[in-house]
Amino acid sequence: MIRLEKRKEPSKFWRIANPFLAVALTMLAGGIMFAMLGKDPFVAIRLIFFDPIFSETFASYSRPQLLIKSAPLILIAVGLAIGFKANVWNIGAEGQYIIGALFGAGVALAFFPAPGWYIFPLMVLAGAFGGFLWAMIPAILKTRFNTNEILVSLLLVYVAERILAAMSLGLMRNPDIAGFPGSRDLRRYEAAHNAELFANTGIHWGVVAALIAVIFAYAMMTRHMLGFHIQLAGQAPRAARFGGVSPARLVVVCLGISGALAGLAGMFEVSGPGGQVRIEFASGYGFTAIIVAFLGRLNPFGIVLAGLLLGLTYIGGELSQMMLQLPGAAIQVFQGMLLFFLLALDFQTNYRLRLTRGASA
Amino acid sequence: MILGSINPAVLMAALMVAATPILLAAIGELVVEKSGVLNLGVEGMMIMGACVGFIIAVNTGSPFIGFIGAALGGMALSLLFALLTQALMTNQVASGLALTLFGLGLTALLGQRYVGITPPRTPKLDLGFLSDIPFLGRALFTHDIVVYLTIALVGAVWWFLKYSRAGMILRAVGENHDAAHALGYHVKRVRVLAIMFGGACAGLGGAYLSLIRVPQWTEGMTVGAGWIALALVVFASWRPWRAMAGAYLFGGIVVLQLNLQAAGVRIPVEYLSMSPYLITILVLVIISSGKGRSLNAPGSLNKPFHASS
Chain A
1 MIRLEKRKEP SKFWRIANPF LAVALTMLAG GIMFAMLGKD PFVAIRLIFF
51 DPIFSETFAS YSRPQLLIKS APLILIAVGL AIGFKANVWN IGAEGQYIIG
101 ALFGAGVALA FFPAPGWYIF PLMVLAGAFG GFLWAMIPAI LKTRFNTNEI
151 LVSLLLVYVA ERILAAMSLG LMRNPDIAGF PGSRDLRRYE AAHNAELFAN
201 TGIHWGVVAA LIAVIFAYAM MTRHMLGFHI QLAGQAPRAA RFGGVSPARL
251 VVVCLGISGA LAGLAGMFEV SGPGGQVRIE FASGYGFTAI IVAFLGRLNP
301 FGIVLAGLLL GLTYIGGELS QMMLQLPGAA IQVFQGMLLF FLLALDFQTN
351 YRLRLTRGAS A
Chain B
1 MILGSINPAV LMAALMVAAT PILLAAIGEL VVEKSGVLNL GVEGMMIMGA
51 CVGFIIAVNT GSPFIGFIGA ALGGMALSLL FALLTQALMT NQVASGLALT
101 LFGLGLTALL GQRYVGITPP RTPKLDLGFL SDIPFLGRAL FTHDIVVYLT
151 IALVGAVWWF LKYSRAGMIL RAVGENHDAA HALGYHVKRV RVLAIMFGGA
201 CAGLGGAYLS LIRVPQWTEG MTVGAGWIAL ALVVFASWRP WRAMAGAYLF
251 GGIVVLQLNL QAAGVRIPVE YLSMSPYLIT ILVLVIISSG KGRSLNAPGS
301 LNKPFHASS
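If you're matching them up, the sequences are chains A and B in order.
Position 360 (the first sequence) corresponds to 360 in our numbering; numbering is contiguous.
Position 157 (the second sequence) corresponds to 157 in our numbering; numbering is contiguous.
Read the hints as simulated data drawn from the structure, not as lab findings.
Hints should not be assumed to be uniformly reliable.
Cross-link-like lysine-lysine pairs, in silico, DSS-like; alpha carbons within 27 Å at most [claimed, not checked]:
(1) B/LYS162 x B/LYS303
(2) A/LYS8 x B/LYS162
(3) B/LYS303 x A/LYS8
(4) B/LYS188 x A/LYS6
(5) A/LYS85 x A/LYS6
(6) B/LYS188 x B/LYS303
One side of the interface only, derived from the structure: several residues of chain A facing chain B at Cβ under 7 Å [said to hold, decoys possible]:
(7) PHE50
(8) LEU141
(9) ALA166
(10) PRO181
Just so we're clear, the structure is a prediction, and the values are computed from it rather than from any experiment.
No residue lacks a Cβ here, since even glycine has one placed at the ideal position from N, Cα and C.
Produce the entire structure from the sequences given, and follow the hints as far as they go.
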């Protein structure tokens, strides 16, 4: 008989080791999946995890891509992790990302074609504000009417997707190109373009913002009273209430921060790598960021590593799609598996496996 | 008058079809939550059923076998959830989300070669003279067998939970797992069985979408139906017949919205098509806001159980 025995204290070792083990197991299971699809598993795994950074033929293109893909994931995940710590489950980051992009692009399109240094900063503010507003819907409904924030934030993703489509076809459509859905290309509007700051590095303002967010979140969680309240509310909600922590305020703060960060990510994307408001703009970053937050152990620095890894799977996915005709969805399966393995392995953090002999159990 | 062009009997018939997939998923999840488990993976299990059911139906030429495959597919995915949450004690919220993300990815991969194919037709049940009754015949008796089986399933679940001994044990496990454990019931076994039932129902609901309602396979075709089913369980305050009423209400909204689109109402399609989600949120608000009034949620919902002795 195998039994689980609760540990007196969560194991620090397994908390750190599990993400690495989960990645290894995902590679193994992914390899089996690729073999079943009739592809050489070793080539596929190398293409996804190593070639984008180390291969001479691909690295010059894909190294900068790594930061471009990882920055929005890190930005969103840092915000989500703060909420998850306090047991506030914002699952609708994808929607906040879309609305942030729409607010940011809206400012740019309103000023077009005026030049001006102030346009881009205004867009940043608008993007964050858009994400914040969208996150306030589940927050206020939760605090005022006690509705479940998971369901509401998620249902709002589908609403945001419809608004995105409506904007691409209507209000924000590029008036200069008749017939095609999609807005003006913001990359061609200098005052609004989130350009690369250093050539061939992939570093744009979104990467800078992600770094600031990581440091800010770390400082808040370890040095600030609010961070302490968040941790307390997550681990001992009753004690937190007796200690004067207002649950309603925490819900608003956590959803607000994560919404604003997701909105920022959307804004940096639409004004940079994405380029324009169009129906297919939403890329699933909001959902992948959930995996990033868990894989990074809800720790800002862990999230940087996890974000880089999942950013890598996006690039490696594109590469293997191109080189091996591997279906794009394979990467999505990969990301899902990663979360599964991580969750499954995490029992080791809190429990110990005990082998017991037959009847004595 | 725009509503003039809409035939109420046809509307009624269409809303029963529109309601069936979410009703199936919701009634399964209702049983799962009654056992004290919150499985947020409904969307993932539904899309799995939609995909597996479609593939099997196309390859065998039989929608019937497709539905069986869909139930098994949803159940297989739910077993993964059961393994994580019941054996390995993982967080139910995170595991449910993992199930949805994984299901969406896996089905996109599996279904790739089936995009654009028409599935074998599911025959309508011939109810003879009943279908000839004016109005009611058209509205109620022109459906495929799944619509009726779903209604029967709601009745069966209601009876099971209210009157059967097994149902009583399931409710006991959901209300207070420690007490149920002390009485000698197998908390985990009950929960795993409930999770499997929920998976099978969600799978069937998905297959209803891909084989009858749409009928076609496209990536991510459930577009939130699983989440709406979850909201429906709250709306129903964990009562089967209320879940059915909610599903039909919701089906009505969906159908009306589609009809308004077809009738060329001067609202862009995108805004009309977001109405089901907005109305679901609105209903959640109304249901949840009753202060002091208990929502009737099972006492041990979303609390992990670990027998310490």
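Against the structure, the hints come out as follows:
1. Using a Cα cut-off of 27 Å, the hinted pair B/LYS162 and B/LYS303 holds, with the two alpha carbons roughly 23 Å apart.
2. A C-alpha spacing of about 41 Å is found between A/LYS8 and B/LYS162, which places the hinted pair above 27 Å, so the restraint is violated.
3. Our distance criterion of 27 Å between C-alpha atoms is met by B/LYS303 and A/LYS8, whose separation comes to about 19 Å.
4. At roughly 17 Å between alpha-carbon atoms, B/LYS188 and A/LYS6 fall within 27 Å of each other, so this suggested pair holds.
5. For the hint linking A/LYS85 to A/LYS6, the alpha-carbon distance of about 21 Å falls within 27 Å, and the restraint holds.
6. Restraint check: the Cα-Cα separation between B/LYS188 and B/LYS303 comes to about 12 Å, which is no more than 27 Å; the hinted pair holds.
7. For A/PHE50, the shortest C-beta to C-beta distance to chain B is roughly 22 Å, which exceeds 7 Å, and the interface hint is violated.
8. Look at A/LEU141: its Cβ gets to within about 6 Å of chain B, closer than 7 Å, so that hint holds up.
9. The interface hint given for A/ALA166 is met, as the beta carbon of that residue sits about 4 Å from the closest beta carbon of chain B, less than 7 Å.
10. For A/PRO181, the shortest C-beta to C-beta distance to chain B is roughly 11 Å, which exceeds 7 Å, and the interface hint is violated.
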